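Asks: Add chain C to chain E, keeping to what the hints say.
Spelled out, the chains give:
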Amino acid sequence: MLHLTIDEQSIEVHEGRTLLEACRENGIHVPTLCYHPALEPYGACRLCTVEVGAQGRRPRLVASCVYPCEEGAQVRTDTPLVQRSRRVTAELLLAGSSASPEIAALARELGVTEVRFRLPEENACVLCGLCVRACNEIVGVSAISVIRRGIAKKVATPFEVQSSRCIGCGTCVLICPTGAFNFENVTGFQYVSPSESAYKLGYYRLGSELDLRPNYVQDVTALLQNPEDRQAANE
Amino acid sequence: MSDEKSPRVGVVVCDCGGRIADVLDTDALCRQAGEIPEVAYVVRDAYPCSKDGRERIRRAITEQKLDRVLIAGCAPRLVENLFRRALETVLDPAYVNIADVREQVAYVHADDPAALPKAGGLIEMGVARLVTTNPAPIQIGQVAKVALVIGSGLSALTVALNLADADLHVILLEESSILGGAVAGLPEGTRRLLAEKSEMVLRHPMIDTLFNARLTETSGHPGDYEVHVQQGDQSVVYSVGAIIISNNAQPKAPGSLHWYDRTRVRTQSEFEVELQAAAASGRMSQPKDIVMIFCAEESQLEHCSRICCNTGIRQAVRAKQLNPDANITVFFRDLYLGGIGETYEAELMEARKQGVTFFRYRRDQLPAIKDKTVDVFDTLTGEALRVPFDRVVLTMPLVPPEDTKTLAALLGLPQDEGGFLAEPRMRLRPGRYADPGIYVLGSVHQPADTAEALFQAYLTGARAARFLRQESITLTTPIASVDALLCTGCGNCPQVCPTLTIHMTKRESVLSLASVDAMRCIGCGNCVVVCPVKAISLPGWDNIEIPAQITAALNAHQNGGPKILTLACEWSAFGAADIAGSRHLSYPSNVRILRMNCSARFDPYHILWAFINGADGVLLGACPPGQCHYGVGNLYARERFEKLRTEMSAHGVNPRRLHLEYLTVDDGRKFAETATRFEEEIRQMTS
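From first to last, the protein sequence lines are chains E and C. My numbering puts the first residue of the first sequence at 4, with every later residue one more than the last. My numbering puts the first residue of the second sequence at 8, with every later residue one more than the last.
These aren't lab readings, by the way, just hints derived from the structure by calculation. Do not rely on the hints blindly, as some may be mistaken.
Reference excerpt, derived from the structure (chain C facing chain E, CB under 8 Å, subset only) [to be verified]: (1) N88; (2) P100; (3) A101; (4) A260; (5) L264; (6) Y267; (7) S488; (8) M526; (9) D673.
Every value quoted in this text rests on a predicted model; they were computed, and no experiment measured them. All residues carry an ideal CB built from backbone N, CA and C; glycine is no exception.
Only chain E is shown next, with the shape it has when bound in the complex (with noise of 0.2 Å):
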């Protein structure tokens, strides 16, 4: 058990967890968006800055979905510096994805309102890498990778085309928070009919065998009806 100090209060974790853990384990509320209990850590976001010091030294930021928690460590989640950071974070990421609720909800809890920035494109990808660590840990089929560095940077799958690793599950377009990800550009229209002529001879010969009705039942028009107006058409 470690003991450090996060806003005044003295607390108590098991070794190993990160300060975001801490936090949310204590009812501290803390910003995420890149951060999924689900997946690895990332740190993609910032938005979950803190204020980490310890005795004799500077207090710094650093990213609480990373930071694991250190002995005798004292964390701020809400002075001044650590707003303005979040606000900044917040304001940028607003400035691409205004139209996502799951954004604009950040912003409004931050007390952002204003943008100063403009992005050509509405409801661009922030590169969180939540559909990418979600398809590699959640699914294991990693269909999908970040490609390309500084702003050319994007989420695509392998030499940009529709991946045959993907099984279309959907948990990608499920995970993003801003609407941005094109499944389409992933998966692709696979039309497959891998045995559509043995399945018309099978089912066409079946179905004239095949009676839907309950074999228990021996009128349907009886059943389907409200228990009321049966009972009313018994008597």
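Replies: For chain C alone, kept in the frame of chain E given last:
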């Protein structure tokens, strides 16, 4: 249901750090959950998915002696595996269930007073599933350390040698009596390579080569196939772990579209023989006017043969070297000069430099071979050309080997438009992602040049060796099983199985009985639906738990409006509903969504059960045609849906109360719109 005592269910209600708790009163939700008779323990947690949260659930299971756990939280797609993995030491994965109260309630019904009852309803559905479900038995399959290689082309020989060198037994099937197939028309380098490899294969102690042999029957599953090989007039049975299909594509037989006489008009491979003979003698004075027609007769086909442009251009260069006075004209439609790690553009440049003339023709104006000239319409100048010839070389497209269709039928592999074996798509095998024991390579898959064939062979060799070296294969996905006491042997189920997994066997040598090869079952549930006596069960999607969930969904108190049940395939409509949630696209709160594995499992009985239990409308959500993860489950669903609607109208029930919608997994907007429209329609119908 096999448990004597009633199960103790624990319910964990997640606050999601406020995302759920700000919309739903989670304390009230806990109280509602506590009123369900089977629920023994209810707890509220801010973050049950955190490391400590999972630890708390595990502790609660042991302390409270729970044997089922329901977590009311977010989309199962995201956290189901997380919880199942975290709790697997104390609870079977089937006994951990997620009720999606975030994406399906908190995010979409924020200001709706019916949100809380709906969340309670989802918990009731989840509990109903937990108390009726049975865990899927774990299947363990053996792996025979033998590989069957069909064909003896370059890729087949290479992969056979690779596996044999890795100390795996290889059985090589060759249809003819020599290895390598038709080698006459191949370039010299390839022929030398083939000869070397053939020699090595014949000498290798780990390789059994069967000549004049072909595959007549296969059964079994990855790791343990039983193959019947017909050799001469005797049939031998082998047990193999993997089947590698690598027989060669053949050039199409000429003559159906162009004039072909084998002397003045020859095919590319016949010209190769001629060139090699000329090269041996060092000179070629005849023929002088050579016309090459690329993509000859290709217009009848839809695929590119990928190697003939390269070969043709190389031949042109060689002919020019042997006879610098020769006039070589090439008619092409499109040039494909790609190859692994290189392109053949340098050869094209060389040919141009040597004075080979290129004309492009259009598909609808094919070159016509006349008595002394070839007439063509040049698309670049827009002029009709007349080129004299004394040799025409037809580049015949490669077509799949003759027995491809038989092989495809035997092994249940899909064929593409050109008749080649298509790769089994990942999306068709959701449980397992790919049939691991069958490999397709070389030109039976698509025409490949030497480098590509070798590359594929080494790759396949490595993959197959890794597969064959496994001790055993373990499967935990749900699979169908037949109750022998109930089965009447009607023979319905084998006909609808997408993986041809079910076979009829003899019982006491008289009555037939269906049996499922568990290792190949993908768990779509199609057989469960067609079984007239319901002798087949599929853990997790069984005939007990689905009606139980339907009853729970419809019994839960609703907000006055019509009761709508949605059967949602988890690969399409259920995912779309979750995405509608994550985008906060609202739809009526009296729509209850039941997660199904595939639309093939939409059982007419279950739909009728829903109507009997008071559903006003039933919405079915399936994958669009051609995109079903289990083959053609959605087509079966459509047939059953249409039949059931006819049946309903015949009995005086409004067939519009049942609706089928095709949805893709990313289309949350369409789901929200469909649900809203359907609810409106039903509302008008019932009012």
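Asks: Taking the hints in turn, state whether each one holds.
Replies: Hints, verified against the model:
1. N88: holds, 6 Å
2. P100: violated, 15 Å
3. A101: violated, 19 Å
4. A260: violated, 26 Å
5. L264: violated, 28 Å
6. Y267: Not OK, violated: Y267 of chain C not within 8 Å of chain E, min 33 Å.
7. S488: Interface hint status for S488 of chain C: violated (21 Å vs cutoff 8 Å).
8. M526: Nearest chain E Cβ about 19 Å off; hint violated.
9. D673: holds, 4 Å
In this structure, the hints that do not hold are numbers 2, 3, 4, 5, 6, 7 and 8, in rising order.
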